[in-house]
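A.B. asks: Residue numbers (our numbering), protein chains in the order written: chain A, 1 to 76; chain B, 1 to 563.
These aren't lab readings, by the way, just hints derived from the structure by calculation.
Among these hints, one or two may not hold up.
To be verified - Restricting the straight-line Cα-Cα distance to at most 35 angstroms, the calculated cross-link-like pairs of lysine-lysine (DSBU-like) are: (1) K338(B) x K372(B); (2) K38(A) x K338(B); (3) K182(B) x K208(B); (4) K38(A) x K208(B); (5) K388(B) x K182(B); (6) K146(B) x K182(B); (7) K85(B) x K38(A); (8) K388(B) x K372(B); (9) K55(B) x K85(B).
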Amino acid sequence: MNARTRTALNVAPNIADHDAFYEMLVDTHQDLDDEQSKMLNAQLILLLANHVGDLQVLREAFAIARRNVAASPPRQ
Amino acid sequence: MDIDYQRCVFDYAPATGDAARHPVIVVGAGPVGLATAIDLAQQGVPVVLLDDDNKLSAGSRAICFAKRTLEIFDRLQCGQRMVDKGVSWNVGRVFMRDEEVYEFDLLPEQGHQRPAFINLQQYYVEGYLHERAQELPNLDLRWRSKVAGLVQHPDHVALTVETPDGEYVLEGQYVVAADGGKSAVRRLLGLESHGRVFRDRFLIADVKMTADFPTERWFWFDPPFHPGQSVLLHRQPDNVWRIDFQLGWDADPALETQPERVIPRIQALLGKDTQFDLEWVSIYTFCCLRMDDFRHGRVLFAGDSAHGVSPFGARGANSGIQDADNLAWKLRLVIEGKAPDALLDTYAREREYAADENILNSTRATDFITPKSAVSRLFRDAVLQLSKDYPFARKLVNSGRLSMPSVYGDTALNTPDSDVFGAALRPGAPALDAPVRVQGEADWLLWQTGNEFTGLYFAGAENDAETLRELEMLTGDRIPVQTLVVAPAGQAQPGMLEDVEGLLAARYDARPGTLYLLRPDQHVCARWRYVDAAVVRDAVARATGNAAAPHAIPETERQVEHA
């Protein structure tokens with residue numbers, strides 16, 4: 001595998017207690033309005049991105065998310 | 001007592017009978033045109049400098065002059081006056097609402113002659129440059145001389161110059177267009193700059209007052225005295241403070257410049273009881289743009305005519321002075337017949353690269369200060385909120401990344417490293433200053449360099465004598481190299497530079513026998529652990545376009561890369 005095809009982003013299952021993680025993610029937003037939720041998500045992205053640190057990992061994650069969103073038609 | 005440069009009016013002298021063909025005509029006597037003309041003239045190239053007006057800059061324009069620019073002004077022999085008059089600063093602070101979230105020191109280490117920045121009104125900079133220009137008999141400055149026509153010929157450019165006495169044709173081998181953002185030369189050639197316009201308006205207010213703010217750059221996001229917008233405060237000489245208020249795109253420029261609107265904004269910042277005089281008020285908008293090519297035949301574009309940036313980062317005037325620094329020695333060698341005309345292409349490539357870097361930094365800062373979408377604003381506000389408690393977020397706060405000189409890492413003029421060195425002074429980097437002793441007197445490295453190719457040899461190797469004999473031969477070359485010999489503290493013989501604090505060897509990652517080769521603009525173009533005359537000659541040939549670069553990319557590949 002050369003550098004071009006190797007992925008830096010780990011997309012294999014990596015969280016031991018996946019259901020607990022997901023519950024935590026949703027619960028963190030409890031009782032927030034949309035504006036507050038957006039701000040919470042933004043801060044989470046910044047905190048976690050800094051923890052990851054590797055720009056190549058982040059680039060791959062951003063690209064997957066962007067591709068998925070751009071592939072679906074805009075909501076009316 | 002200072003001269004009031006804003007009120008100086010210069011005499012027009014008739015020049016309509018000028019039939020000579022001049023080596024270089026510089027258009028525009030702003031900071032960039034003056035610097036280019038001075039650089040050429042002091043290197044021995046006669047130069048005509050045209051300006052359509054007969055005054056220097058007025059009002060609040062460029063104010064922050066960076067360390068590298070001051071070093072260039074030193075080479076132009078007017079840096080000390082700038083520093084003496086200017087307000088030196090190294091520290092910036094960023095506030096979110098009423099809390100400080102971030103502080104930066106732009107020159108955290110000692111052992112540099114010049115500070116990270118001085119603040120100095122553009123009219124002083126132009127005044128000092130103008131006085132330096134007047135000392136040079138081969139610099140012919142013609143006021144009220146407007147370029148109204150331009151024809152490129154195979155071996156010269158013919159300008160039509162409009163004067164109070166009518167028009168005349170002025171011929172030059174090369175023309176430097178330093179005639180600003182609305183460049184007449186660019187328009188006459190049918191050329192444009194391309195880029196982004198930012199939809200925001202800023203109010204500049206210069207106020208005169210005695211205040212006890214420290215000499216630092218202060219930037220506020222969403223301060224209580226100007227909610228929802230940003231404010232920037234800079235100290236200038238003569239007790240003048242410059243305040244930039246972000247107003248938003250919907251602000252009405254005519255209304256917002258009225259004193260009854262401006263004064264309450266300033267009082268909100270300073271307090272109701274502070275006494276001040278309003279010196280200058282204006283509204284600005286800005287764009288980040290550049291010409292596709294800084295060279296068109298025999299016309300070379302420099303400064304705002306070639307590129308424009310937002311003011312956050314002080315990258316406008318500073319990059320323009322660095323354009324002049326890059327261009328003058330190349331023009332000189334070409335005019336003297338010591339380098340091919342193609343050397344001037346490297347001016348365009350190197351400074352286009354620098355412009356891209358400046359535009360990138362300036363655009364990023366502007367996107368942070370003036371978010372252009374709801375999500376951009378969301379992330380900006382998220383960063384600012386996190387920055388109060390988390391150091392990582394402070395790094396993301398962008399109130400302007402301040403001007404640093406570009407490293408011409410990929411230029412064809414560099415000889416790539418063949419020995420292992422630290423990255424700081426890699427080929428293409430501007431030389432770093434360091435304290436030295438010369439004949440026992442305290443001095444600075446950069447003063448010993450520039451205008452010619454300079455070798456910097458670190459003594460102490462077993463074969464010093466032999467190497468120095470080789471290097472001595474280079475002083476008689478067609479493009480000479482003057483070698484400076486650096487000795488460790490306490491070991492300098494007469495004529496050597498004493499590296500008093502060891503900073504020179506440390507900054508240059510030097511060992512005994514190391515040689516750095518500096519271009520006339522003080523950028524490193526080659527370095528070796530061991531040298532002889534032949535390798536240095538090869539490097540000089542390459543740095544002057546006199547040798548084909550062995551790694552040049554074939555034309556076909558280059559097109560693919562740019563597609």
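A.B. asks: With reference to the structure, classify each hint as holding or not holding.
C.D. replies: Okay, the hints, checked on the actual structure:
no.: 1; hint: K338(B) x K372(B); verdict: violated (50 angstroms)
no.: 2; hint: K38(A) x K338(B); verdict: violated (63 angstroms)
no.: 3; hint: K182(B) x K208(B); verdict: holds (30 angstroms)
no.: 4; hint: K38(A) x K208(B); verdict: violated (44 angstroms)
no.: 5; hint: K388(B) x K182(B); verdict: violated (42 angstroms)
no.: 6; hint: K146(B) x K182(B); verdict: holds (13 angstroms)
no.: 7; hint: K85(B) x K38(A); verdict: violated (50 angstroms)
no.: 8; hint: K388(B) x K372(B); verdict: holds (24 angstroms)
no.: 9; hint: K55(B) x K85(B); verdict: holds (21 angstroms)
Violated hints, in rising order: 1, 2, 4, 5, 7; the structure is consistent with all others.
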